[in-house]
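Protein chains: 2
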Amino acid sequence: MNQSFDIAVVGATGTVGETIVQILEERNFPIADLHLLASSESVGHSVPFRGKNVRVREVDEFDFSKVQLAFFAAGPAVTLSFAAKARAAGCMIVDLSGALPSAQAPQVVPEANAQALSGLSQPVQVSSPSPSATALAVALAPLRGLLQIEQLNVTACLAVSTQGREAVAELARQTTALLNLHPLETSFFDRQVAFNALAQVGKPDAQGHVPLEKRLVTELREVLGMPALKMSVTCIQVPVFFGDSFSVSLQLAGPVDLKAVNAALEAGDCIELVEDGDYPTAVGDAVGQDVVYVGRVRHGVDDTSQLNLWLTSDNVRKGAALNAVQLAELLIKDLL
Amino acid sequence: MNQSFDIAVVGATGTVGETIVQILEERNFPIADLHLLASSESVGHSVPFRGKNVRVREVDEFDFSKVQLAFFAAGPAVTLSFAAKARAAGCMIVDLSGALPSAQAPQVVPEANAQALSGLSQPVQVSSPSPSATALAVALAPLRGLLQIEQLNVTACLAVSTQGREAVAELARQTTALLNLHPLETSFFDRQVAFNALAQVGKPDAQGHVPLEKRLVTELREVLGMPALKMSVTCIQVPVFFGDSFSVSLQLAGPVDLKAVNAALEAGDCIELVEDGDYPTAVGDAVGQDVVYVGRVRHGVDDTSQLNLWLTSDNVRKGAALNAVQLAELLIKDLL
Chain A
1 MNQSFDIAVV GATGTVGETI VQILEERNFP IADLHLLASS ESVGHSVPFR GKNVRVREVD
61 EFDFSKVQLA FFAAGPAVTL SFAAKARAAG CMIVDLSGAL PSAQAPQVVP EANAQALSGL
121 SQPVQVSSPS PSATALAVAL APLRGLLQIE QLNVTACLAV STQGREAVAE LARQTTALLN
181 LHPLETSFFD RQVAFNALAQ VGKPDAQGHV PLEKRLVTEL REVLGMPALK MSVTCIQVPV
241 FFGDSFSVSL QLAGPVDLKA VNAALEAGDC IELVEDGDYP TAVGDAVGQD VVYVGRVRHG
301 VDDTSQLNLW LTSDNVRKGA ALNAVQLAEL LIKDLL
Chain B
1 MNQSFDIAVV GATGTVGETI VQILEERNFP IADLHLLASS ESVGHSVPFR GKNVRVREVD
61 EFDFSKVQLA FFAAGPAVTL SFAAKARAAG CMIVDLSGAL PSAQAPQVVP EANAQALSGL
121 SQPVQVSSPS PSATALAVAL APLRGLLQIE QLNVTACLAV STQGREAVAE LARQTTALLN
181 LHPLETSFFD RQVAFNALAQ VGKPDAQGHV PLEKRLVTEL REVLGMPALK MSVTCIQVPV
241 FFGDSFSVSL QLAGPVDLKA VNAALEAGDC IELVEDGDYP TAVGDAVGQD VVYVGRVRHG
301 VDDTSQLNLW LTSDNVRKGA ALNAVQLAEL LIKDLL
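Sequence order for the protein chains is A and B.
The first sequence begins at 1 in full-length UniProt numbering and counts up one residue at a time.
The second sequence begins at 1 in full-length UniProt numbering and counts up one residue at a time.
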């Protein structure tokens with residue numbers, strides 16, 4: 001096989017799809033032909049790549065035998081409609097929708113469980129986890145060997161961009177209306193998100209957990225290789241455009257040495273540790289970056305068996321698009 | 001003694017001080033003369049009370065023997081400078097600054113530990129806890145008898161008004177600047193707070209805890225009567241003007257019955273329980289209200305020994321001014 005590949009990006013006009021195209025160019029991914037695909041509404045748009053505007057075509061009419069690898073960044077329904085067709089055409093798949101069962105497409109974060117890519121049946125299908133699971137996996141991976149985790153508590157402060165363009169537009173629109181004393185309108189969110197914190201992102205099940213929270217638990221357990229990890233997760237929507245933040249509290253079997261934790265985090269892949277009383281933020285640090293920022297590494301109050309962390313990560317880039325491209329790089333490595 | 005009292009409010013021009021005056025009027029507190037006091041910068045201002053504008057006078061020159069009760073709502077320094085003088089003049093004190101040691105002025109939230117007011121030496125001094133401790137105490141008080149709490153994890157999403165007027169003005173200024181693509185200026189906060197989440201409110205100690213977090217732990221342990229309660233607390237600053245929200249996770253000794261938890265919360269004082277998949281928010285529910293809203297009552301994921309809650313409360317009103325007035329009402333009850 002030649003040294004370059006024909007690639008498709010499904011959902012190329014979305015926030016994540018566009019960022020995938022941008023990162024493919026940044027990292028000089030060996031691409032011969034790039035095919036940008038989307039639903040009929042987006043046909044006619046174009047996305048810049050290597051100085052040209054690449055036109056977006058309709059996914060329904062695409063012949064996946066033209067490409068060796070496809071990114072699916074357009075939501076579960078689109079993946080369920082076209083992934084099988086792509087695979088039948090011999091196309092490798094990196095899915096970001098969470099629609100494919102792990103048995104068919106394992107959840108992988110290279111910094112945590114790259115080994116899960118070996119021995120998969122051809123053509124390979126792999127899942128890039130949700131932005132929250134990806135960020136947490138990157139930060140917790142280097143601590144697995146060090147800590148005996150009895151319980152993981154996470155409060156995820158999610159940026160509106162996790163919900164896509166409409167959500168971003170609504171935060172901007174609501175904020176402007178409120179500052180101009182105009183009546184507030186809600187369409188995407190069920191209530192005011194500007195200058196507010198929404199405790200629930202999506203519809204809860206009978207147990208009170210929302211899909212985003214259950215997906216985070218399932219994916220994180222798989223990626224960290226800790227299927228029995230006890231977790232409490234609360235995903236809240238904060239009025240932040242880009243960059244997720246995480247308040248993380250780990251209950252451990254015994255006292256933990258913070259020096260060892262800091263050393264492990266320092267040595268971890270794609271982690272930037274912020275020390276000495278400083279702390280990272282979404283806007284000031286994470287956005288546009290390829291690493292997960294970790295700060296406020298400390299014990300519980302009067303409890304050295306507790307470890308608390310604050311994480312922040314670019315939900316669109318590190319949490320989704322970059323992880324997907326990293327997976328694609330690993331998939332083609334053996335083929336080069 | 002007559003049926004009405006002469007009252008002083010120290011810090012009358014602050015967000016909390018003004019709200020105390022408003023609540024004293026709303027609840028028809030038996031007041032003969034109301035004395036509004038502040039630092040020299042605020043002298044000349046006036047605050048409306050019972051249809052009149054009451055002029056603010058300088059606290060330095062005030063003779064506390066003129067009043068039977070004083071609210072201190074102007075920060076630790078002012079309390080430390082004038083509380084002793086007020087007490088020497090025979091004046092009862094409700095302090096909101098956290099400056100007085102519990103031995104002299106117990107932390108009290110009427111819904112949780114009103115009994116702490118009995119048997120105090122005259123003139124009585126009592127502390128109204130921080131807004132976070134007050135909200136958590138109201139919500140957790142009815143659960144004390146029901147649950148065996150091994151660990152309490154709290155991520156507090158604090159409104160900027162918790163930091164006072166300057167902080168509120170800075171969030172508005174930064175938001176407007178960003179929406180108009182003007183350069184961002186920070187003065188009160190150490191970095192951009194608009195469309196961001198700040199992981200640290202105040203300067204951390206050698207263990208990485210900030211004063212607000214340590215105060216919350218100390219006060220909550222005292223008010224709930226659980227001096228050994230294990231806690232992990234993260235106080236974050238979110239771009240919300242009014243209303244604190246809390247993501248709370250309790251680790252229990254054994255499985256908990258959610259029906260019993262909901263029943264206990266329903267029966268609790270000053271709690272509004274939001275059920276059936278809905279949830280409360282600061283802006284939509286808590287602001288301007290006299291109750292603490294509780295929602296998202298659920299187990300951990302696959303873990304019935306975990307209890308998760310979402311709380312929201314008006315930090316200025318229920319968290320501070322109203323609690324202080326409730327305390328004053330209890331202090332004068334026996335004197336009526």
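Bear in mind the hints are in silico, worked out from the structure with no lab data behind them.
None of the values given here were measured: they were computed from a predicted structure.
Certain hints may be false.
The list treats identical chains as one, so a pair stands whether inside a single copy or across any two.
To be verified - Taking lysine to aspartate or glutamate and the DMTMM-like style, the derived pairs with C-alpha atoms no more than 25 Å apart in a straight line are:
1) 230 to 33
2) 85 to 41
3) 203 to 303
4) 214 to 276
5) 52 to 278
6) 66 to 33
7) 259 to 61
8) 203 to 275
9) 85 to 185
10) 230 to 257
11) 230 to 302
12) 203 to 58
13) 66 to 185
Here is what the structure says about each hint:
1. 230 to 33: Neither, since 45 Å and 58 Å both go past 25 Å.
2. 85 to 41: within (21 Å within a copy, 73 Å between copies)
3. 203 to 303: between (35 Å within a copy, 20 Å between copies)
4. 214 to 276: between (34 Å within a copy, 18 Å between copies)
5. 52 to 278: So residue 52 and residue 278 fail the 25 Å test inside a copy (42 Å) and across (48 Å) alike.
6. 66 to 33: Classified as within; 9 Å inside a copy, 86 Å across copies.
7. 259 to 61: neither (56 Å within a copy, 53 Å between copies)
8. 203 to 275: The answer is between: 13 Å across copies meets 25 Å, while 38 Å in one copy does not.
9. 85 to 185: So residue 85 and residue 185 fail the 25 Å test inside a copy (41 Å) and across (53 Å) alike.
10. 230 to 257: Result: close both inside a copy and across copies, 22 Å intra and 18 Å inter.
11. 230 to 302: both (23 Å within a copy, 7 Å between copies)
12. 203 to 58: Answer is neither: 31 Å inside a copy and 54 Å across each miss the 25 Å cutoff.
13. 66 to 185: Answer is neither: 45 Å inside a copy and 52 Å across each miss the 25 Å cutoff.
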